[in-house]
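Peer 1: These are the residues of each chain, in order.
Number of protein chains: 2
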Amino acid sequence: MTEAEPAATERRISIGDLAERVETILRRHGLNAVQAGALARTMVAGERDHCKSHGIYRIEGALRTVAAGKVRPDAVPDLAEDGGAIVRVDARGGFANPAFELGAPALARAARRYGLAALVINDCTHFAALWPEVEVLAGEGLAALALCPSYATVAPAGGTRPLLGTNPLAFGWPRREGHPYVFDFATSVAARGEVELRRRAGKDLPDGWAIDRNGEPTRDPEAALAGAMLPFGGHKGSAIATMIELLAGVMIGDLTSPEVLDKLGTTTLAPMHGELILAFSPEHFAKGRPGDPLARAEMLFEAIVGQGARLPSQRRFAARAVSERDGIALSEAEFTLLDRLASQAI
Amino acid sequence: MTEAEPAATERRISIGDLAERVETILRRHGLNAVQAGALARTMVAGERDHCKSHGIYRIEGALRTVAAGKVRPDAVPDLAEDGGAIVRVDARGGFANPAFELGAPALARAARRYGLAALVINDCTHFAALWPEVEVLAGEGLAALALCPSYATVAPAGGTRPLLGTNPLAFGWPRREGHPYVFDFATSVAARGEVELRRRAGKDLPDGWAIDRNGEPTRDPEAALAGAMLPFGGHKGSAIATMIELLAGVMIGDLTSPEVLDKLGTTTLAPMHGELILAFSPEHFAKGRPGDPLARAEMLFEAIVGQGARLPSQRRFAARAVSERDGIALSEAEFTLLDRLASQAI
Chain U
1 MTEAEPAATE RRISIGDLAE RVETILRRHG LNAVQAGALA RTMVAGERDH CKSHGIYRIE
61 GALRTVAAGK VRPDAVPDLA EDGGAIVRVD ARGGFANPAF ELGAPALARA ARRYGLAALV
121 INDCTHFAAL WPEVEVLAGE GLAALALCPS YATVAPAGGT RPLLGTNPLA FGWPRREGHP
181 YVFDFATSVA ARGEVELRRR AGKDLPDGWA IDRNGEPTRD PEAALAGAML PFGGHKGSAI
241 ATMIELLAGV MIGDLTSPEV LDKLGTTTLA PMHGELILAF SPEHFAKGRP GDPLARAEML
301 FEAIVGQGAR LPSQRRFAAR AVSERDGIAL SEAEFTLLDR LASQAI
Chain H
347 MTEAEPAATE RRISIGDLAE RVETILRRHG LNAVQAGALA RTMVAGERDH CKSHGIYRIE
407 GALRTVAAGK VRPDAVPDLA EDGGAIVRVD ARGGFANPAF ELGAPALARA ARRYGLAALV
467 INDCTHFAAL WPEVEVLAGE GLAALALCPS YATVAPAGGT RPLLGTNPLA FGWPRREGHP
527 YVFDFATSVA ARGEVELRRR AGKDLPDGWA IDRNGEPTRD PEAALAGAML PFGGHKGSAI
587 ATMIELLAGV MIGDLTSPEV LDKLGTTTLA PMHGELILAF SPEHFAKGRP GDPLARAEML
647 FEAIVGQGAR LPSQRRFAAR AVSERDGIAL SEAEFTLLDR LASQAI
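The listed protein sequences correspond, in order, to chains U and H.
Anchor point for the first sequence: position 169 equals 169 in the working numbering, and the numbering is continuous, going up by one each time.
Anchor point for the second sequence: position 169 equals 515 in the working numbering, and the numbering is continuous, going up by one each time.
Calculated directly from the structure, the hints in this document are not laboratory data.
Predicted, not measured: the structure shown is a model, and the values here were computed from it.
No residue lacks a Cβ here, since even glycine has one placed at the ideal position from N, Cα and C.
Any given hint could turn out to be false.
[As the list claims (entries may be wrong)] Some residues of chain H that are not near chain U, with every Cβ distance over 12 angstroms (derived):
| # | residue |
| --- | --- |
| 1 | Thr355 |
| 2 | Asp363 |
| 3 | Gly376 |
| 4 | Arg410 |
| 5 | Lys416 |
| 6 | Val422 |
| 7 | Arg459 |
| 8 | Glu486 |
| 9 | Arg507 |
| 10 | Val528 |
| 11 | Thr613 |
| 12 | Glu629 |
| 13 | Phe681 |
[Stated by the list, open to error] Using 25 angstroms as the maximum straight-line C-alpha spacing, the simulated BS3-like pairs for lysine-lysine come out as follows:
| # | chain 1 | residue 1 | chain 2 | residue 2 |
| --- | --- | --- | --- | --- |
| 14 | H | Lys633 | U | Lys263 |
| 15 | U | Lys52 | U | Lys203 |
| 16 | H | Lys416 | H | Lys633 |
| 17 | H | Lys549 | U | Lys287 |
| 18 | H | Lys398 | H | Lys609 |
| 19 | U | Lys287 | U | Lys70 |
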C-alpha cells in the first residue's frame, strides 16, 4: 500500500472537513473557540502529515484531561509584550497551542528587532507535537528552537527510575523554496505515544527503549509504561533532557517533569507545564558577513541528500503533499470514533 | 591507581607552574600575550580536570597550525558591542579562546539586560573544549549554550561520507554552591581527539563509532580517520549536528564544516570557523513566577544523583579538586615534550 492508495477499509476526508469535525467535537465538549480551533489545527496537521501518534487518537486524551479538571477548556491566553526580547504568554491553564498562536507574531517581531528572542508560555497543558510551532516561525524567515518538559517517565542515564520527561526538542530553519528544515523529537529513545501505540497494537518494543519497574531492560510496552523509558544517545541525550528541564521548566518558573507527575498523579492525562521557544533572525546574525545564510544552508542540505541521507521531516512533507491533493485517509474505526465523540458531546 | 597517587613514572606540577611553562612555550613560538595566555589557560584547565584529550598534547597541534600559517599568532581580537542583544567579536584570524575571553563580559551584560543574548565569534581557530566558556558564564549566574562546527569528519545518519563536524555542544547552569552543572560533548559518538588518542595507543575503537572510506563499519582508528565518524544517537544526533552547522556556521556568516575542510585541506590542523554562545538570565526569565530557579534546579540534581546516576562533569570536578590540592600529574614523557617544545622555540 502506498500512501496515495488508501486500504479498502479507509476513506479520505479533506483537511478542511476533518478540521471542522474535530473542532466541532471539541466545541461540543466544552472547549471555547480559541482552544478548540488551535487543538483541531494541531491534530489535523498530525493526521495530514501521517504522524498518527499526534493525530486524532489524541482527541480522547484531551477530553479526558478536560473531564478530569486538569486543563481549562474556556481559558483565554494572555499576551504580555513589553517591547523586550522575552515575550510571555500566560496560557491561564488552557492548552499550549492557542497560547503559541497568540504569542508567535510577537515573538517574530522581537526576534526581528533584537536578532534573537524568546517566547515563554506558562501554565499551559502541552498537547501533541512542537513541529507545527517551529514551522510557523520558519515561515516567518526565522530559525527556531522549541522545548518543553513532560512528566517523569524517563530515567536519567545510569539511573533506575523515572525522573525526566520525554522532553521534546524541535528546530526549524527557513527555506525560500518548499518546506523548512524541521526536526522534532523526544529526547527519550522513543516518544511515549510510540510506546502507547505499540501497547495498543500488541507489539513488543525494540531493545534499548525502556526498563521495567525494577530497573531491568524490557521489551514489554506495559512493563515499560510502568517502569521508565530511556534517553536517546545514552548520557548525551540524558544531559540534553536535563537541560530542557532546566531551561523550559526551572528557568521559566514552571513545572519540571517530576513536579508535573506529582501534581497530575497520572501519565494518562496531558501534562501541564511551560514551554520555551527561541527564535533567531539569520538576516540579523549574518549582517556584515559574506554570503547569504539561506542560500548557504541549501548547499548543506544538498550535500546531505546527495549522499543518500534523508533530511528530517521529508517523509512527513511527502505525506502532506498527498493529503493536500487527495485528502486524509482515515480507517472506518477512526470515522466511527469521530462519530461517537460527536454524539457523546454534552 | 587512584587519581591522587601518580604512577612511578609521573610527577606533579602546580597548576600555576604548568600554565607558565605552556604560556612560555607558546610565546617563544611567536604567539602574542593574549593568544598565548588564553590558550595556556584552556590547555592547563584540560590537564587540571584530567581531560587529557584537551590537554597539553594539543600544544603541538596549535603550533603546527601556526607554522602552517592557518592561524594568526599575533591576532588581537576586536569586540563590537553596540548595546544590542548580539555581541560580536572578530577574532581576526586568531584562536577562539582570547576572543571568548574578550567577549564574555559583554555577553553577560547583554544577557542581564535583555534576559537572553548571543556572542558571535567570527574568523577564529577553534581550540580545545567549550566547557571552560560555559563555566565562565555560569560563574556569572547565567545559563549558557555554546556551539561550533568543526571540519567535515562525520557522516550524517544514513550517509556514507564525511560532511558534518564533530560539532561540540556545551551547556552550563549556575549553582550557588560548588561547581556549575556543565556538559560538553561532541555530537559525534566520540570526539576526534578520542579516536586520535586510541590511534596513538594502538587501541581498537568500540563498535558504532565510525565507518571506513567505503562507508562500512570499522573499529580501526586509522580507517576511521580516513573514513567518517558517526553521529551520536542516530538520526537525532545527526539532526543536532546539522542544527549546529546552521546556527553556528551558516547563520553567523562563518564556515560550515565541509567549507572548513575545503579551505584547510587537512584535519591535522586546528579548524577555523566561528562560534555561537547563547546566555540566559534565569533571574530575568523567572521574574514574577513562583520559586527560585537556582534552588529548584538543586532538587532536580539531587534526584538525579539520588538514584545513582551521575551529573555530567562530576569526574572532571573531582580530578580538579585533586589537581588544586596536589598539583597536576604528568608523565615523564609529557615533561620531556614540554622541555623539547621549549628548546625548539625560535
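Peer 1: Determine for every hint whether it applies to the structure shown.
Peer 2: Cross-check of the supplied hints:
no., hint, result
1, Thr355, "holds (31 angstroms)"
2, Asp363, "holds (34 angstroms)"
3, Gly376, "holds (28 angstroms)"
4, Arg410, "holds (27 angstroms)"
5, Lys416, "holds (19 angstroms)"
6, Val422, "holds (19 angstroms)"
7, Arg459, "violated (9 angstroms)"
8, Glu486, "holds (15 angstroms)"
9, Arg507, "violated (5 angstroms)"
10, Val528, "violated (9 angstroms)"
11, Thr613, "holds (17 angstroms)"
12, Glu629, "violated (9 angstroms)"
13, Phe681, "holds (33 angstroms)"
14, H:Lys633 to U:Lys263, "holds (22 angstroms)"
15, U:Lys52 to U:Lys203, "holds (16 angstroms)"
16, H:Lys416 to H:Lys633, "violated (46 angstroms)"
17, H:Lys549 to U:Lys287, "violated (46 angstroms)"
18, H:Lys398 to H:Lys609, "violated (28 angstroms)"
19, U:Lys287 to U:Lys70, "violated (46 angstroms)"
Of the hints listed earlier, those the structure fails to meet are numbers 7, 9, 10, 12, 16, 17, 18, 19, in rising order.
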